[in-house]
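**Student:** The lines below spell out each chain.
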Amino acid sequence: MAIPENFRPKILGFLCNWCSYAGADLCGTSRYQYPPSLRIIRMMCSGRMDLDFVLRALSNGNDGVFIGGCWLGECHYVTEGNYDALSVLHLAKKLLAKVGINPARIRLEWVSASQGNRFAEVVTEFTNELTTLGPLGEGEGIDPATLKLKLDAVARLLPYIKLVEREKIRVRFENKEEYAEFFDSPALNALFDTTIADKLAISQILGLLHERQRSTREIADTLNMPISEVTERLKDSSRQKLVRFDEAEKCYALA
Amino acid sequence: MSTTAIEQLQLSRQNSDRLGDVMVVGAGISGIQAALDLAETGFRVYLVEKAPAIGGKMSQLDKTFPSNDCSMCIESPKFIECSRHPNIEILTTTEILRVEESDEGDFQITLNRKPRYVIEDRCTGCTTCVEFCPAQMPDPYNQRLNLTKAIHIQFSQATPLVTYIDPEHCFYLKDERCQICVGVCKHNAIDLHQKPQRRTVTVGSVVLAPGFETFDPALRGDFGYGRFKNVVTSLEFERMISATGPGAGHVLRPSDSKHPHRIAWVQCVGSRQVIPGGNSYCSSVCCSYTQKQVILAKDHLPELNATVFHNDIRAFSKDFERYYQRASGLSDVRFIRSYTSVGRELPGSDNVTIRYATDEDGVKEEEFDLVVLSVGLNPPKDAKDLAAKFGIELNAHGFCKTNPMNPIETTRPGVFASGAFFGPADIPESVWSASGASALCGTVLAARRGKLSREREYPEERDVSKEEPKVGVFVCHCGANIGRVVNVPSVVEYAKGLKNVVHAQESLFACSTDNAQQISDVIREKGLNRVVIAACSPRTLEPLFRDTVREGGINQYFMDMANIREHCSWVHSKEKDAATQKAKEIVSMSVARTSLLEPLSEIELPINKSVLIIGGGVAGMNAALTMASQGFEVSLVEKDKDLGGMARRIHYTLEGTDVQAYVKEMSQQVYRNPQIRVITEAVIEEVSGYVGNFVTKVRAQKRLREVKHGAAIIAIGAQEYQPTEHLYGLHTGVLTQLELEGRIAASEPAVTGAEGVVMIQCVGCRNKERNYCARVCCSQAIKNALKLKEQKPEREVTIVYRDMRTYGYRENYYREAASKGVRFVRFTPEHEPVVAPIREGGKEQLRVTVFDPILGQPLALDTDLVALSAAVVPSASAQQISRLFKVPLSPDGFFLEAHVKLRPVDFSAEGVFLCGTAHYPKHIGETISQSCGAAGRAIATLSQDAVIATGAICDVKEDACVACGACISACAYDAIDFVETAHGKKAHVNPILCKGDGLCNSKCPTKAIFLNHFTDEEIFAQIDAA
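Protein chains in written order, with numbering that gives the first Met the number 0: chain A, 0 to 254; chain B, 0 to 1025.
Simulated from the structure, these hints should not be mistaken for laboratory data.
Just so you know, these numbers come straight off a predicted model, no measurement behind them.
Take the hints with a grain of salt, since some may be wrong.
Unchecked claim - Result set (DSSO-like, lysine-lysine): computed pairs, CA atoms no more than 30 Å apart in a straight line:
{"id": "1", "chain 1": "B", "residue 1": "495", "chain 2": "A", "residue 2": "9"}
{"id": "2", "chain 1": "B", "residue 1": "495", "chain 2": "A", "residue 2": "167"}
{"id": "3", "chain 1": "A", "residue 1": "175", "chain 2": "B", "residue 2": "1006"}
{"id": "4", "chain 1": "A", "residue 1": "147", "chain 2": "B", "residue 2": "498"}
{"id": "5", "chain 1": "B", "residue 1": "1006", "chain 2": "A", "residue 2": "93"}
{"id": "6", "chain 1": "B", "residue 1": "297", "chain 2": "A", "residue 2": "175"}
{"id": "7", "chain 1": "A", "residue 1": "147", "chain 2": "B", "residue 2": "1006"}
{"id": "8", "chain 1": "B", "residue 1": "1006", "chain 2": "A", "residue 2": "198"}
{"id": "9", "chain 1": "A", "residue 1": "167", "chain 2": "B", "residue 2": "985"}
{"id": "10", "chain 1": "A", "residue 1": "97", "chain 2": "B", "residue 2": "1006"}
{"id": "11", "chain 1": "B", "residue 1": "956", "chain 2": "A", "residue 2": "167"}
Between the sequences and the hints, there should be enough to build the whole structure, so can you do that?
**Tutor:** This is the structure in structure tokens:
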């Protein structure tokens, strides 16, 4: 992939009011400089971070999403939403990876109210990283229409994913490493595959068929999915009467 | 006791028809806090400051230890609070001329308001005059390290944010040569003929908070200061590392404006000295501020070699020990224990040499690029004058003489001291003593509370629910802070084209009083129903602009701030086009969000005007008496049979007060007070409710009772560590300091007969398990050592220590102990002292073997008794109380306050306060002043008519709720419950318990629960507009 010249990534940042937003303020007060790539949305707590926001931000032409919160153990609230923000991060990464988007496009950093310098550093670093990744979609080799379709497919599943999160993935660890380890564990991957991955595939296929009917191969090519998986998912979907096979056209269409 | 004096004063004033006002003299952080607490409590306050702006020394600090918070960032919101409080009148450039006592015992105070030569009401703080003023002068805010103009604003966040003309440097005021400022001021704000104004006010009580001066090394030329260019004071260095300092964030040394690569700090300059011109006491703050400066300097200059020449490292307060470890653990940082003398200034480089000696290498001379003198704290320059005018006494050091058992009480009833006026104090102590002084003013004036206080009146709120969004955008230049980088006019033009925007304009300083007024006017004139302020961070000025839109007659939540300063112009100062483009995007996001904002109402709930105090020790009893004397009902809960807590084991203080007599008198006062209900042998079983309306279940003598209260004070104290080291419990000759004290007081033969006593410091703390200094043990050891010497001067008393941490005036007793022959032997943690029983000459003794770093070999001390300075550890019930009240503990197990500097007795959980050793080990005087502080804060809460809860909290769309409980399991505040509705079980939010973090919102699968002011739709709008 060739990165367009003068490519400057767009980042949308979601910062908690008490630490990261204050750290960004201090960064300004201290006049530390960082690239003008980031626009900031203030939230009271990083626990307010919703998977929906990630998808919406990426659907809207941002190349990366940044989440800033208080260091673990320093959340302003008794709810300690920054731990949940970590779960959101990992879930988002998993979902993005599943639909072929580079999970490095979402990043979470703890920045305290006194770490103005650190804020500048992490924004600069993330900007540099995204610059090498290239524009969203282009960097992944996904065309804009398919990208949108994939993100929408994830978004449609969010209510279900939130229930799965509550029932199966609500965890509380001590540190970032343990979260990373948990979300990368074989058990979690298996759980993810059985509870979310298949539904995600179906959601994408349905999104695609919503436009018009398509053959199995066409679907596999557009979604960059193994043909075997597409066949499998189409079989499931036919059983559930979500799609039907159009014998005449030799294509699948929405039921 | 002086409480009796206060009682008399109360009696004599009960029938007088007198004003309920208070004057606070000095508007540093302590004066500001006192004014705010008093104003909140319902008193009218005159806040008198001789400088042109409020803020004091804290406003000059770059950061604060040990959290490295930006000092100005945490202090300046308090300036705004002060300036906006209807009960506070700020009088800057004002001095006390005369104080007379009226017949009713009031203070009639004549003030002299010096001319500012600028009409405050007219000046907008635009600083055009500053730009044009031809007269330069050294900048007092930057410790004269750079130049400012004769007309200037003290610092950019100054309150009031108006210019001031220094008459010493103004060409017109000196010899009528120039009037340029008059010509360029568009607001006719300059009046070069202003005259001083006198004014007499009558107040019922006074808080003196004049602060301190830093020690001036120029007087003696210490360490070449004044002669050598690259020798600066710590306050000068503080400005040098500050982003708003002379180097604008670059640390540049004075001689050649180059980055220094080797900096030396010299500790105890002017402190711990008995030579002429020095101060015998320890200034308490220098060790930690130096560590802070080392950390910050290393941040600025990663390659820096930093060297600190010190005596004892006095890291005695909360988290200081870790802070010291952090500073000393940085690369290329050396802490060297040595006396030092300055050598010479090297020709050519202007570097400075320092001579010092170490145990290993003997005397050395080393070259440094910059030398920072860690100067101590002196009494304020006008201390004598103030004392004479107010009729109070000063102590031998020239600070305010106070009651040793309560540093807030001066020698004159009705006049209180807060902050560093009673001696070296750090910011938290300055803050809690201010709250304490406010509480004690209340004891004098309680009957008058609320008589003179004013409330703000707002116009009636317009109902805009039927209107389309009509957004007004105000883009601020912030002087040049934004305008220099961002093209403000083009942002205004861009804003005009955005959907829903009906008005957009520029503003030089949106926050100035007249600009804010203008915004309110525009809202009314143009019928705006939403407002975007594109300016600075909402974290500082959101309250101001909410107020502004409220003045404009619309709901205060119809406002959003687009942060184009901290998040744009300041961080992209070299990319003007990109910054302008980004500013447009930020404004667009804000407009999109603002169009969707909903009016929200703040909830008011009545307050139960009573307090529950947990812990009947010195802290709890003091807080109880302070509050009860002002008419608040108190329930005082104590786990033991008797009141007194840890103080029942303390017999005398270092200053000589009889603690047992004190405790006895206090507990009698408590028991006699009809407002106080004492519950002993009590255990707290359950706490529910919230600020203003708590319900706590207390079990005592097998009876369970329910206490309803509006606030709670946690004063559960701490306990002595039970040593497992040094044969404690195995040998009768090994005692803890408290046990020793008890035996000295009881004149036990084993003690009276002892010929030698060795004391070992830091037992059970400053180690891996307890990584903190227990603060009181050094002074306690000195106290007992002096007592032992007093009883039998020939007795051998040795204190084996790591650092003697006799901070403040306690240093004098350390010196006294040394002069009376108490021997001090230092040890390092690598060579812990060893205690072993021995038999010599048929006599059973103990041998303490210490490795003496100076001698470089072990030293054997044979003795009859070994006293262990056992650490102070958190109370056994700390965890349980922490859980019940949902307030946090620090890693060391003490209670964790809301903010280490500025909210030292508050918790983040509203309505719950903290004092005494539950917060951290402290001396009795400190405990008492802190307990007054906690009482003051609790009074400020309970004096309100209602609890006001923010409107930005969660709510439920019942038709979307599927009762899955995802929100309930996420909410640690227990703010969400299921309720039965006509359509089944639905989630319901208790608006008082909800704190508005919005975690539930992101957990809800059906988007039924939502956080007001941060709804999905509002955030989506921002995302889409980005």
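**Student:** Next step is simple, just say for each hint if it's right about the structure.
**Tutor:** Results of checking the hints against the structure:
1. Among the hinted pairs, residue 495 of chain B with residue 9 of chain A is consistent with the structure: their alpha-carbon atoms are about 24 Å apart, no more than 30 Å.
2. For the proposed pair residue 495 of chain B and residue 167 of chain A, the alpha carbon gap of about 49 Å is over 30 Å, so the pair is violated.
3. Taking the CA atoms of residue 175 of chain A and residue 1006 of chain B, the gap is about 28 Å. The hint holds against a cut of 30 Å.
4. Pair hint residue 147 of chain A plus residue 498 of chain B holds up; C-alpha atoms about 25 Å apart against a cutoff of 30 Å.
5. Taking the CA atoms of residue 1006 of chain B and residue 93 of chain A, the gap is near 22 Å; set against the 30 Å cutoff, the hint holds.
6. Between residue 297 of chain B and residue 175 of chain A, the direct Cα distance comes to roughly 27 Å. Compliance with the 30 Å bound is thereby established for this hinted pair.
7. Our distance criterion of 30 Å between C-alpha atoms is met by residue 147 of chain A and residue 1006 of chain B, whose separation comes to about 22 Å.
8. A threshold of 30 Å between alpha carbons decides the hint, and for residue 1006 of chain B with residue 198 of chain A the separation of about 21 Å falls inside it, so the pair holds.
9. This hinted pair checks out: residue 167 of chain A and residue 985 of chain B have alpha carbons roughly 23 Å apart, not beyond 30 Å.
10. Proximity of residue 97 of chain A to residue 1006 of chain B is assessed by CA-CA distance (about 25 Å); at most 30 Å being required, the pair is judged to hold.
11. Restraint check for residue 956 of chain B and residue 167 of chain A: satisfied, since their Cα atoms lie roughly 26 Å apart, inside the 30 Å limit.
Against the hints set out earlier in the document, a violation occurs for number 2 only.
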